[in-house]
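These protein sequence lines map, in sequence, to chains A and B. The opening position of the first sequence corresponds to residue 1 in this note's numbering, with each subsequent residue numbered one higher. The opening position of the second sequence corresponds to residue 1 in this note's numbering, with each subsequent residue numbered one higher.
None of these hints come from the bench; they were simulated from the model. Please note that the accuracy of each hint is not assured.
Identical copies look the same in the list; a pair holds intra-copy or inter-copy alike.
[Unchecked claim] In silico EDC-like links for lysine to aspartate or glutamate, alpha-carbon gap of 20 angstroms or less: (1) 33 / 107; (2) 33 / 103; (3) 25 / 47; (4) 109 / 26; (5) 34 / 103; (6) 34 / 107; (7) 194 / 22; (8) 34 / 196; (9) 111 / 171; (10) 133 / 83; (11) 25 / 106; (12) 25 / 171; (13) 190 / 143; (14) 111 / 180.
2 protein chains.
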Amino acid sequence: MASRSIAANCRKVVCIGRNYADHIKELHNARPKKPFFFLKPPSSILERGQGPVLRPRGVTLHYEVELALIMGRRVQDLRVDDEKGALDAIAGYAVGIDMTARDVQDEAKRKSLPWSMAKGFDTFLPLSRYIPKAAVPDPQDVELWLTVNGAQRQRDSTGLMLFGIPRVLSEISRVMRLEEGDVVLTGTPKGVGKVEVGDVMRAGVVVGGREVEEAGIEVG
Amino acid sequence: MASRSIAANCRKVVCIGRNYADHIKELHNARPKKPFFFLKPPSSILERGQGPVLRPRGVTLHYEVELALIMGRRVQDLRVDDEKGALDAIAGYAVGIDMTARDVQDEAKRKSLPWSMAKGFDTFLPLSRYIPKAAVPDPQDVELWLTVNGAQRQRDSTGLMLFGIPRVLSEISRVMRLEEGDVVLTGTPKGVGKVEVGDVMRAGVVVGGREVEEAGIEVG
Ligand SMILES: [Mg+2]
Ligand SMILES: [Mg+2]
Ligand SMILES: [Mg+2]
Numbered sequence: 001m002a003s004r005s006i007a008a009n010c011r012k013v014v015c016i017g018r019n020y021a022d023h024i025k026e027l028h029n030a031r032p033k034k035p036f037f038f039l040k041p042p043s044s045i046l047e048r049g050q051g052p053v054l055r056p057r058g059v060t061l062h063y064e065v066e067l068a069l070i071m072g073r074r075v076q077d078l079r080v081d082d083e084k085g086a087l088d089a090i091a092g093y094a095v096g097i098d099m100t101a102r103d104v105q106d107e108a109k110r111k112s113l114p115w116s117m118a119k120g121f122d123t124f125l126p127l128s129r130y131i132p133k134a135a136v137p138d139p140q141d142v143e144l145w146l147t148v149n150g151a152q153r154q155r156d157s158t159g160l161m162l163f164g165i166p167r168v169l170s171e172i173s174r175v176m177r178l179e180e181g182d183v184v185l186t187g188t189p190k191g192v193g194k195v196e197v198g199d200v201m202r203a204g205v206v207v208g209g210r211e212v213e214e215a216g217i218e219v220g
Numbered sequence: 001m002a003s004r005s006i007a008a009n010c011r012k013v014v015c016i017g018r019n020y021a022d023h024i025k026e027l028h029n030a031r032p033k034k035p036f037f038f039l040k041p042p043s044s045i046l047e048r049g050q051g052p053v054l055r056p057r058g059v060t061l062h063y064e065v066e067l068a069l070i071m072g073r074r075v076q077d078l079r080v081d082d083e084k085g086a087l088d089a090i091a092g093y094a095v096g097i098d099m100t101a102r103d104v105q106d107e108a109k110r111k112s113l114p115w116s117m118a119k120g121f122d123t124f125l126p127l128s129r130y131i132p133k134a135a136v137p138d139p140q141d142v143e144l145w146l147t148v149n150g151a152q153r154q155r156d157s158t159g160l161m162l163f164g165i166p167r168v169l170s171e172i173s174r175v176m177r178l179e180e181g182d183v184v185l186t187g188t189p190k191g192v193g194k195v196e197v198g199d200v201m202r203a204g205v206v207v208g209g210r211e212v213e214e215a216g217i218e219v220g
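Just chain A, with the same shape it has in the complex:
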């Protein structure tokens, strides 16, 4: 799978919301009692070299850096205590930026409408290359970072997730089965904010004190 396109193999992208306490605070949201999730369409994936993130006219565009799981097998009704089952089902990782039309999302929330438009525009999911599983010995011990025009905006450990990966995969798989090639975004740490036309986002992960080469994103 490592050499193939993540986008080409992906039939759904499932995204966890509000999975880091300090990010919940910064957006003045309520802390969820259990994980909730939404979908981005596979058509929103932007792979390296495919150009910049599009700015839909008049939209307030926010970045959210996240650890992405690339699923390696079908997962259905996973037991919440089946940590091994969860981790074995992961084929590899990527870094993703969950681009969000924040004003569109705020309006949807006010009107109790779905988030799909706010989250689903073409190019709204820049992804790094495929990160081999062996490069990430413990997915809850990964430093995620994002800069805008060279200034650091997000940098936190995946150890801060409110709901760990086994719990997240269990909750999703009891609603919708995960299939090989599906992508799961695990939530964003604090520091989300706006990008304007011309801004350059860079993102990556540090594991065991070292930058993971495959994880690098640079996107306009």
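Dock chain B with the ligands against the given chain A, drawing on the hints supplied.
Here is chain B with the ligands on its own, set in the frame of chain A:
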């Protein structure tokens, strides 16, 4: 495409909400000024012979019969007045039942959370066979129907859509491009309601006074 599985070719299912006036009234919802939409995952598709719709424990399950469009080509930034472009991009049709965990959706709406869980459970999109395009000369002149245990619950013409198919495809395609094999659900007419374990749903379409054979759904 007619002989291939709709599910196997589908990478996203885009669903229009509130597209029939009398259905908006029956759920006491606000009438939208423009079409809005949400996603169901391809994993929710239930094709003929794949068994019954699953009833997640404790969930209030509603049916919504809809005309499904099966896209035949990529559609991006379609102009709203490009009626020919819209209709040419459709490869064929199907009948779909947009199964909805209504209580889960109501809770999501109260909390301003996404609809993906309420709409996205496995088996929540029973689909008919592929209906060849030639069987539907005018997609805005189709009688959609659904019965539960033999009693008619929904029966209305697609001519009652608030936003016609070209408008719907234009709005979607200006957010997310549609691709060959994608499925678009065009909204449900009045008459939605609950099904219990053991109930049998049948659905279909009448075109020019005749039942379209391929459109028949019978699902437990
Ligand atoms: Mg996010
Ligand atoms: Mg999807
Ligand atoms: Mg519907």
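Hint compliance check: list the failing hint numbers for this structure, sorted ascending.
3, 8, 12 and 14
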